[in-house]
Amino acid sequence: MYLWRIIQVLSISTIFILSAMWILDGFQVFTKDKTEKVTIVKDELFGTDIEKREWIDDFQLGLLPDDPLLPYRSLAFPALICIATFFLAQYRIHSKVQQSS
Amino acid sequence: MNTLFLLTLTFSCITVPLFATQLGNVKGKKMVTLQNSVGTSIVKFISNSPLEKFEGNSQSLQGSFTLNADNLEQSIGKVYFPVRSMKSGLTKRDDHMYGKDWLDAQNYPNIEFELKKLTSISIKKSDNTGIEFTALAEGICTLKGTSKQTKAKLIVKYIPESDITRKRAPGDLVMIDADFSVSLKDYNVLGRGDIIGSKVGESIDLDIKLFGSTSN
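Residue numbers (my numbering), protein chains in the order written: chain A, 1 to 101; chain B, 1001 to 1216.
Treat the hints as calculated values from the structure; they're not laboratory data. Note that the Cβ used here is the ideal one computed from N, Cα and C, for glycine as well. Where hints are given, some of them may not hold.
Claimed, not checked - What the simulated footprint calls covered on chain A by chain B, stretch by stretch (three residues with Cβ under 8 Å from a Cβ of chain B suffice, anywhere in the stretch; the number is not a length): (1) 34-43; (2) 47-54.
As the list claims (entries may be wrong) - Within a straight-line C-alpha distance of at most 25 Å, the following computed DSS-like cross-link-like pairs (lysine-lysine) qualify: (3) 42/A with 1124/B; (4) 1078/B with 52/A; (5) 52/A with 1167/B; (6) 1167/B with 42/A; (7) 1087/B with 37/A; (8) 1053/B with 1087/B; (9) 34/A with 1087/B; (10) 52/A with 1053/B.
Next comes chain B alone, as it looks inside the complex:
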């Protein structure tokens, strides 16, 4: 019985690290903070409804995340942006969007995404110039006070610090491209009358670009 237990334990110790994806030659936990000096982080939101397709964005993203270079799956973090920083090209529509029937900016000023783990990681490139991988970010999206489990597709580019990168910002540089969509009904965003489904799409596609550095 003891032998079986020891065998199982040994097997687990050998196999578990094998499933951990490593970030090339990078070691340890890397805390990445969003920084405009690296690039302007932006979230684009796209609403597609029968009456009108419109796009807007926010360029006020803030937050940080920790890439666990020894075990990328265990990366965590939080990114958020103020509701009032969202612009759609129509001042009246923006005012409605911030209102109680929509995103209720007064009571819920921020939209957040909390990264809990990365899955389906696939390293696409790893050389001296940097590392590129795709992954599925699993976490919790909080909108109008409602939190839901969400998955986002990611493309991550990690560039270790060099003379070239230092010209832009100190530390290792990171760019993340993320895509996911949110169903407004799931987050209790009901709007007025039958606007959702006619003038505003039932689900909103989000296209996010984040730029950060490991230097604070």
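Chain A on its own, in the form it takes in the complex:
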């Protein structure tokens, strides 16, 4: 029973950590593997601002995976697994309590 309680705590913790990561990465729908670095430079000659853009490797967790074949690269898939694990643990704990009483 103790083990199942630990599994429950781990599941909830994982959901919280992943949700926090998702929020910090900007609430994105899809996972991204690159981020765009934009540098604004003043162009005196043309009298305008010029954007210098470059892609840099940067994993950002999204609600859904970037690749359907890699569902774990998302918030939704691991969260569903953790929720299922939580309820499975709850069921096991409940069964054990009934057996012992």
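Given chain A, put chain B in place with the hints provided.
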């Protein structure tokens, strides 16, 4: 009858050049080639759909155009960029974008815009430091092998060669800011399932910045 014909001809000869917009004190045809030494030409594409808004770009634009300084309306040119140079920040999405259902980079490696003429030209500034005008570029956009008449709003800045400009690149320098949008359906880009309209916008907005010089 002959008098009427001569009058009409004379009137045409006087009025037609009057409608031609001139590029300040610049004379003749100026061939402008895109050059990174002047600035990095970039095309930004923006997709706005209910599920996600995303942006990407290509910085591999090539091409040239001829500004007819005596008659700006008659300016022509061609600008293109490789489909595979388009990046959106998601490698898997980029791979899909290059695929057969989307832009089919293998069979149609480039996206092109051919300028046929300029209309609605309005000179905003013309002095020693340069000339600035707005215009509507009318031409043909070719995407995935389909060509369509397209209009793009332009802001053009033309800077005649000087000691200052030579520090960056030889020749007269030009910067063009262009905006237009393309409807994916018009170019037979249908995607898979119902992705267009949910994950990808039905039309894509293009924001283009071009830098070139009259020196080859």
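How does the coverage statement for the region 47-54 of chain A fare against chain B, requiring three or more residues with Cβ below 8 Å from a Cβ of that chain? As far as the region 47-54 of chain A goes, the hint holds, because 6 residues have Cβ atoms under 8 Å from chain B.
Quick one, are residue 52/A and residue 1167/B close enough, alpha carbons at most 25 Å? Distance ~20 Å between residue 52/A and residue 1167/B Cα, so the pair holds.
Is the hinted pair residue 34/A and residue 1087/B satisfied, with a Cα-Cα distance of at most 25 Å? 10 Å, holds
Would you mind confirming whether the straight-line C-alpha gap from residue 1053/B to residue 1087/B stays at or under 25 Å? 15 Å, holds
Is the Cα-Cα distance between residue 1087/B and residue 37/A 25 Å or less? 13 Å, holds
Hinted pair residue 1167/B and residue 42/A, Cα distance within 25 Å: At roughly 16 Å apart (the allowed maximum being 25 Å), residue 42/A and residue 1167/B satisfy the hint.
Residue 52/A and residue 1053/B were given as a pair; does the straight-line alpha-carbon distance stay at or below 25 Å? 21 Å, holds
Does residue 52/A lie within 25 Å of residue 1078/B when you go C-alpha to C-alpha? 24 Å, holds
When I compare C-beta atoms, does the region 34-43 of chain A have three or more residues closer than 8 Å to chain B? holds (count 4)
Restraint check for residue 42/A with residue 1124/B, where alpha carbons must lie at most 25 Å apart: 21 Å, holds
Checked against the numbered hints listed earlier, the structure breaks none of them; every hint is satisfied.
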